[in-house]
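> If you read the sequences in order, they're chains A and B. Quick note: the first sequence uses the UniProt record's numbering, first residue 1, plus one each step. Quick note: the second sequence uses the UniProt record's numbering, first residue 1, plus one each step.
No wet-lab data here; the hints were simulated from the structure. Just so you know, not all the hints are guaranteed correct.
[Unchecked claim] In silico DSSO-like cross-links for lysine-lysine, where the CA-CA straight-line distance does not exceed 27 Å:
no., chain 1, residue 1, chain 2, residue 2
1, B, K219, A, K52
2, A, K280, A, K52
3, B, K117, B, K6
4, B, K109, A, K6
5, B, K6, B, K109
6, A, K219, B, K52
7, A, K117, A, K257
8, A, K52, B, K109
9, B, K6, B, K257
10, A, K117, A, K280
11, A, K117, A, K219
12, B, K257, B, K117
13, B, K52, B, K109
14, B, K6, A, K219
15, A, K257, A, K280
Keep in mind the model is a prediction, meaning the values are calculated, not measured.
Protein chains: 2
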Amino acid sequence: MRTVTKENITDVFAAYFGEDTDPRTREVLVAMARHLHDFAREVNLTHAEWRKGLSMLEHAGRITSPERNEFVLFSDVLGLSSLVDMMHSNPRATSSSVLGPFHVSNPPKLEIGGDMKRDFEGPVLCVEGQVRDLDGNPIPHAEIDIWQTAPNGLYSSQDPDQDIHSFHGLMTADDSGHFRFTTVRPVEYTVPSDGPVGELLDAAGRHPWRPSHLHYIIKAPGFISLVTEVFPDDDPYLDQDTVFGVRDDLVMSYVEKPASEFPDGMALSAQITDPFLYVKFDVILAPE
Amino acid sequence: MRTVTKENITDVFAAYFGEDTDPRTREVLVAMARHLHDFAREVNLTHAEWRKGLSMLEHAGRITSPERNEFVLFSDVLGLSSLVDMMHSNPRATSSSVLGPFHVSNPPKLEIGGDMKRDFEGPVLCVEGQVRDLDGNPIPHAEIDIWQTAPNGLYSSQDPDQDIHSFHGLMTADDSGHFRFTTVRPVEYTVPSDGPVGELLDAAGRHPWRPSHLHYIIKAPGFISLVTEVFPDDDPYLDQDTVFGVRDDLVMSYVEKPASEFPDGMALSAQITDPFLYVKFDVILAPE
Numbered sequence: 001m002r003t004v005t006k007e008n009i010t011d012v013f014a015a016y017f018g019e020d021t022d023p024r025t026r027e028v029l030v031a032m033a034r035h036l037h038d039f040a041r042e043v044n045l046t047h048a049e050w051r052k053g054l055s056m057l058e059h060a061g062r063i064t065s066p067e068r069n070e071f072v073l074f075s076d077v078l079g080l081s082s083l084v085d086m087m088h089s090n091p092r093a094t095s096s097s098v099l100g101p102f103h104v105s106n107p108p109k110l111e112i113g114g115d116m117k118r119d120f121e122g123p124v125l126c127v128e129g130q131v132r133d134l135d136g137n138p139i140p141h142a143e144i145d146i147w148q149t150a151p152n153g154l155y156s157s158q159d160p161d162q163d164i165h166s167f168h169g170l171m172t173a174d175d176s177g178h179f180r181f182t183t184v185r186p187v188e189y190t191v192p193s194d195g196p197v198g199e200l201l202d203a204a205g206r207h208p209w210r211p212s213h214l215h216y217i218i219k220a221p222g223f224i225s226l227v228t229e230v231f232p233d234d235d236p237y238l239d240q241d242t243v244f245g246v247r248d249d250l251v252m253s254y255v256e257k258p259a260s261e262f263p264d265g266m267a268l269s270a271q272i273t274d275p276f277l278y279v280k281f282d283v284i285l286a287p288e
Numbered sequence: 001m002r003t004v005t006k007e008n009i010t011d012v013f014a015a016y017f018g019e020d021t022d023p024r025t026r027e028v029l030v031a032m033a034r035h036l037h038d039f040a041r042e043v044n045l046t047h048a049e050w051r052k053g054l055s056m057l058e059h060a061g062r063i064t065s066p067e068r069n070e071f072v073l074f075s076d077v078l079g080l081s082s083l084v085d086m087m088h089s090n091p092r093a094t095s096s097s098v099l100g101p102f103h104v105s106n107p108p109k110l111e112i113g114g115d116m117k118r119d120f121e122g123p124v125l126c127v128e129g130q131v132r133d134l135d136g137n138p139i140p141h142a143e144i145d146i147w148q149t150a151p152n153g154l155y156s157s158q159d160p161d162q163d164i165h166s167f168h169g170l171m172t173a174d175d176s177g178h179f180r181f182t183t184v185r186p187v188e189y190t191v192p193s194d195g196p197v198g199e200l201l202d203a204a205g206r207h208p209w210r211p212s213h214l215h216y217i218i219k220a221p222g223f224i225s226l227v228t229e230v231f232p233d234d235d236p237y238l239d240q241d242t243v244f245g246v247r248d249d250l251v252m253s254y255v256e257k258p259a260s261e262f263p264d265g266m267a268l269s270a271q272i273t274d275p276f277l278y279v280k281f282d283v284i285l286a287p288e
C-alpha cells in the first residue's frame, strides 16, 4: 500500500503489523494510533501545535527523575490515572484513588494506637477503622501503609526540614482487622506546577490544588491491594481536585469531639486535654 | 461535581477549564483528553499497560538529546508526523513528507551543476528539476536544501567518518527555477531502534527500514516552504516505509542513461565515462 493518505493512515498502520504479533499488543497499539489520528484530524492539528506537544514531552523528559515523574503527573492531571483506577475497581469494594509521587519506600513501623503527629503544630486527628471483605467479614492483620502532608503542605520527600519518614507509617491491623492512630490534620497542597504540567494547567485556566487527604495502601493475602485516599467533606478543593482523585465513598466527616471521648490505649491518650478531630474509615477489600 | 466516574471524567475535565481560556487551546486539550479516555475505556487499559506506556515515555526522555529526539521518532512511527504533514499539504502542490532528524544547520553552498558525490563509491545520480507555482510559472531563485545518506546508509550526523556537511548542500535555483546536481544514489536505512521506539516496532512485528530518498527543503518568498523526499520506484521498502513518508507523486524512476547523454555544464561532465542514473524532480510550491 504505497499511497498513504490522511484518510487511510490508520489502516496502513494496522497493516504494518506482523502476522505473529501478540493480539493484545496489536489491539492496544492500533486503538492508540486510531485515537491519535482521529484526534489530529478532528482538531486539524497544526504543525505548530504538534511541535508544542513534542516540546512539552521533551521538557517532561528533561525534568523527570527518580524523585519527580512529570509523565505520571501529566497522566494525573489529564484524568488518565484516575480513569485506569476506576476501570479496575470492584464497585463493592472501597474505591481506589491515585498513588501520586510522594509515597516512600520502607516506611517506619507504626504500632496500633501509635502517633504520627509528634511535635508538629495543628489539630490532632484520631483515625479508626476496620478492614473487611466484600461479605463484611474482618480481614485480620492487613498491612496499612499511611502517608500524608505535614501542616506546611509538603510531603517529607519535598521538604528538607522533615525526616524522610515523617508522616509515613506502616501498621498491621489486629486480629479483627482494626487499626487506629493519631496524626495531624493533613492540608491541601499543590502538585508541582513549575514544569510542562504547570504550563498545561495555566493554559486550561486550572489551579494545581489537591484537597487534603490521608493516603493509604492496604494489603492482605488473597485480596487485591488497594491504593486509596480519604478526604474531609469540608475541603475547599473537593469539587475540583486537579488529579480527579475524589470519589463519593472516600469523602468523610472529621468530627470534633471533646477530650473526654479520646480513645484509651493510644500513644497520646494521657496528653489530650483539648477537643480533637475524629474520623472512622472502614476499608472493604476485593478478593484477588 | 464531586463524583468523578469512568463515564463522566471527560466532562469533568472539560468543566475544569477557566472561563477565559483560549477557545482553540480548550478545543485541542478537550479533544485530546476525550480520545485518551476513549482509548483507555475501549481497550480496558490495565495498570500494567499504563505503567508500560509511562515507562516508555520516561525511557524516551532519558535518551532524547539535541542529536536524537525519541519523541519525534515515536510521532514518526505512529504515523502522526505524516498525518499532520498531509493535513496541511495543498493537494495541487508537491506533497510534503517528514523532516526527520538528520538535517543539519548551515549546509555548505552547492553551485548549480555541483557535485555531492565526491570520492564516495556508488552509482552517479544526476538530478534535474524546476521549481514552479500552482499555475506552472517558474519560481526564480528558490532555495533548495538537499541532504541524503552516504552509501553506507548513514547520515553525516550519525557517522564519525563523514564530515558533518557530507551529502548536504544548499543550492539557489536559476532565473527560470531550474536546479541540477550530481550525487551518489542514496540507500535505504534504519531509524534508530535501540530505544523505546525499537521496542514498539519489535512488539508490532515491524522493521525499522526506510526506503532510500533524496531529502529536500525548498523555500521561496511568498510560498509555503516545502519539506519533501524523492523515492526511487524500485526500492524494496517503498510499500512499508516505517515512518509513512511515501506519497505517489514523490516516487520517481531513476533512469539509466549512457555517458554520452550526461548533461554539459556539470562539475563532473568531463569525468563521466560509464552509464549514470538520472532523475527529474519538478517541484510545485503553494502560495502562502
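> Could you tell me which of the hints above the structure violates, numbers in ascending order?
2, 3, 4, 5, 8, 9, 13
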